[in-house]
Amino acid sequence: MFSLPTGQIGGRELFVVEFGDVVNYFSPYTASLFAFALIFTVIVIISRPERMVEIAFGGDAYLAKEIPTKDLAFQRFMAIACGLATLAAVVSGDLFNFALFTSMVGITNIGIVAAVRSRHVLNAAYQYGIVAMVATLPLFGAAAITLATTGSLSLWELYRAGITVPFVAKAFLVLGVMGEGMAPFYVAKAEITRAPGAPYILMIHVSSLLVFLRVVEIALSM
Amino acid sequence: MIISRISRFLSDYDNLVAAYAVLVIAVAVIGIVLIPGLVYEEEQLYPKQIDRASSLDPYDRGGEAFGRAEVAAQYPENSPYLGYVTAYLTPLARLMADETLHLGTTIVSHPGGIIDEILYNTRGLDTVAETSILFAAFAIAAYLFTRRD
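Line by line, the protein sequences are chains A and B.
In case it helps, the working numbering puts the first sequence at residues 34 to 255.
In case it helps, the working numbering puts the second sequence at residues 12 to 160.
With the rest of the complex left out, here is chain A (with noise of 0.2 Å):
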């Protein structure tokens, strides 16, 4: 009963696994996009930090930086809650429910760089935190616009030829997983991953970017 209809970019549905009314499927597009955050999210948990080096420039003195450990451990839980949360994403069957994920991305992501303690690199978070929090408002709102026009919010329906989701819904989801992702607005996060805790820090951009790919092909199969 439960096919995709043809003609998506992501490919017919290799299997689904379903919640109730949530029916999360994996596509060759999709499957992909759940590997490659599946890998970066084992990475993340069995990795060991990296220890940054500075060196002075034209000298030969450097200078190594001690992370506490209590730091490293709120950064590699927020990590892996942000990896996690970019599993779900990536393969949600369900608008409303792709955008609760990619709330809790934006929302771990903060996290992560919480535990920075560099100034420029808090000056940086707290512009972009607050992008990702009024970024809600356009994702739920692209949600609902979806309910009310088409009176569904399964993707398995939306993606029907006959149902039409209105432009204003499309763009605004993308609007919404821009602000919580920043995928393409690098100004904050190349000041937030100069920062130290290499593998916990590139979980903000890996996550962003696979959810920006999942938007993409959800706007276009919609």
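Simulated from the structure, these hints should not be mistaken for lab results.
None of these values were measured; they are calculated from a predicted model.
Among these hints, one or two may not hold up.
[As the list claims (entries may be wrong)] Only part of the chain B face toward chain A is listed, based on derived beta-carbon distances under 8 Å:
id, residue
1, L27
2, V28
3, V35
4, I41
5, V50
6, E52
7, G74
8, G78
9, T133
10, R134
11, L136
12, S143
13, Y154
14, L155
Built from N, CA and C at the ideal position, the CB exists for glycine as well.
Given chain A, put chain B in place with the hints provided.
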């Protein structure tokens, strides 16, 4: 010229919120212009009747305990106990619902006050995700509160 000016504006992260706000306002204006084209779909997936006289208002979806209530779902075959969840009330909750107007819906009559079918059965994964978001937010707040500097 114009590109270098834009890129200089964007390279300062203090302008990030402004840039995002401009985007949101632009799309919102387009959305307001397009409002006449949006038609409300009458066949909603999750219909809702408000019965002000019911003691379980506004959560009343009908049904008797151990019987089925009529609840719409996108994929009924995925929810074999559809309709049983919302119909059941514990005896205490049933007493409160019968005796008072609104107490049956409150936390007072828990465990087993009215449990919404859509929140906890057909769309249960959404509820799990919402709680996870709250938990992550609380964890961040607690961490920031206890960190010393």
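Evaluated hints:
Interface restraint check for L27/B: the shortest CB-CB distance to chain A comes to about 5 Å, inside 8 Å, so the restraint holds. Given hint, V28/B at the interface with chain A, holds; its Cβ is 5 Å from that chain's nearest Cβ, closer than 8 Å. Residue-level restraint check for V35/B holds (minimum Cβ-Cβ distance to chain A is 6 Å; threshold 8 Å). Hint status for I41/B: holds, given a least beta-carbon distance of 6 Å to chain A, under 8 Å.
Hint status for V50/B: holds, given a least beta-carbon distance of 6 Å to chain A, under 8 Å. Interface hint at E52/B: satisfied, since its Cβ lies 4 Å from the closest Cβ of chain A, which is below the 8 Å cut-off. Annotation: G74/B was flagged as interfacial toward chain A, and the flag is violated, the nearest CB pair being 18 Å apart, outside 8 Å. Checking G78/B against chain A: minimum C-beta separation of about 20 Å lies over 8 Å; hint violated.
The interface hint given for T133/B is met, as the beta carbon of that residue sits about 4 Å from the closest beta carbon of chain A, less than 8 Å. For the restraint placing R134/B at the interface with chain A, the shortest Cβ-Cβ distance is roughly 5 Å, inside the 8 Å limit, so the hint holds. Among the interface hints, the one on L136/B holds; its C-beta lies about 4 Å from the nearest C-beta in chain A, closer than the 8 Å criterion. The interface hint given for S143/B is met, as the beta carbon of that residue sits about 6 Å from the closest beta carbon of chain A, less than 8 Å.
Hint status for Y154/B: holds, given a least beta-carbon distance of 5 Å to chain A, under 8 Å. Interface restraint check for L155/B: the shortest CB-CB distance to chain A comes to about 6 Å, inside 8 Å, so the restraint holds.
The structure does not agree with the numbered hints 7 and 8 stated previously, though it agrees with the rest.
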